[in-house]
Amino acid sequence: EPEVTQTPSHQVTQMGQEVILRCVPISNHLYFYWYRQILGQKVEFLVSFYNNEISEKSEIFDDQFSVERPDGSNFTLKIRSTKLEDSAMYFCASWDWNTEAFFGQGTRLTVV
Amino acid sequence: EDQVTQSPEALRLQEGESSSLNCSYTVSGLRGLFWYRQDPGKGPEFLFTLYSAGEEKEKERLKATLTKKESFLHITAPKPEDSATYLCAVQAGYGGATNKLIFGTGTLLAVQP
Numbered sequence: 001e002p003e004v005t006q007t008p009s010h011q012v013t014q015m016g017q018e019v020i021l022r023c024v025p026i027s028n029h030l031y032f033y034w035y036r037q038i039l040g041q042k043v044e045f046l047v048s049f050y051n052n053e054i055s056e057k058s059e060i061f062d063d064q065f066s067v068e069r070p071d072g073s074n075f076t077l078k079i080r081s082t083k084l085e086d087s088a089m090y091f092c093a094s095w096d097w098n099t100e101a102f103f104g105q106g107t108r109l110t111v112v
Numbered sequence: 001e002d003q004v005t006q007s008p009e010a011l012r013l014q015e016g017e018s019s020s021l022n023c024s025y026t027v028s029g030l031r032g033l034f035w036y037r038q039d040p041g042k043g044p045e046f047l048f049t050l051y052s053a054g055e056e057k058e059k060e061r062l063k064a065t066l067t068k069k070e071s072f073l074h075i076t077a078p079k080p081e082d083s084a085t086y087l088c089a090v091q092a093g094y095g096g097a098t099n100k101l102i103f104g105t106g107t108l109l110a111v112q113p
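Quick note, the sequences are listed as chains A and B, same order.
The opening position of the first sequence corresponds to residue 1 in my numbering, with each subsequent residue numbered one higher.
The opening position of the second sequence corresponds to residue 1 in my numbering, with each subsequent residue numbered one higher.
Read the hints as simulated data drawn from the structure, not as lab findings.
Any given hint could be a false lead.
In the DSSO-like style, the derived pairs of lysine-lysine whose C-alpha atoms are separated by at most 27 Å in a straight line are [claimed, not checked]: (1) B:Lys59 to A:Lys42; (2) A:Lys83 to A:Lys42; (3) A:Lys57 to B:Lys42; (4) B:Lys57 to A:Lys78; (5) B:Lys57 to B:Lys69; (6) B:Lys42 to A:Lys83; (7) B:Lys79 to B:Lys68.
Beta-carbon label-pair distances, calculated as ranges [what the hints assert, rightly or not]: (8) A:Ile54 to B:Glu55: 31 to 41 Å; (9) A:Thr7 to B:Gln3: 30 to 40 Å; (10) A:Thr110 to B:Asp39: 16 to 26 Å; (11) A:Lys42 to B:Gln14: 24 to 34 Å; (12) B:Thr67 to A:Thr110: 36 to 46 Å; (13) A:Gly72 to B:Arg61: 38 to 48 Å; (14) A:Thr13 to B:Gly54: 47 to 57 Å; (15) B:Gln3 to A:Ile54: 40 to 50 Å; (16) A:Val112 to B:Pro40: 16 to 26 Å.
Note that the structure is a prediction, hence the values are computed from the model and not measured.
Cβ atoms here follow ideal geometry from the backbone N, Cα and C, with glycine treated the same way.
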């Protein structure tokens, strides 16, 4: 079964540091997403990426966030200057028409 | 505004005791309604997609149904391994839209032996 792979599984960083979360989506999918889930809360949409550009972003996705697809396989989320409130599980997902939306196992980001 | 509400927030069942989880939604132009299972510390695991009112899908002890306003996830004779959080999400819009998922808060299901 196809799967979305995320690394690292857990990242601890100091407040103000930059972090990069990495994802390898399913190879023939065209739509890529980042979601986050703060502990005990719902899964929230951050950003969608299609045709090598952002197609939609939520209010959460401010100037501190950026996404990139540097090559044909990786999809990254960068947080430039982390805050305590950025601590959450971050999920990458990929999707295409007539398929399910598959999620990765997530990266647990802890900002201290 | 597109919205998804799940009930109950938590449900405790005895093994073999069947029940249903509810997902009510308001969305402009439903493209699909998704059910996921989420284990603690893990990513959502896909269960079903429903596209139109009246549609039903089954997988082992789970059956999902869809109306124009809500979806139900029926669990028949649950086992302890069915314990998890069950998430409902809607996907709105067609062609040119981002097809993002809007999630509910989930139902935490505990099945006791």
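>> If you test the structure against every hint from before, which numbers come out violated?
In response: Violated hints: 4, 7, 15; rest satisfied.
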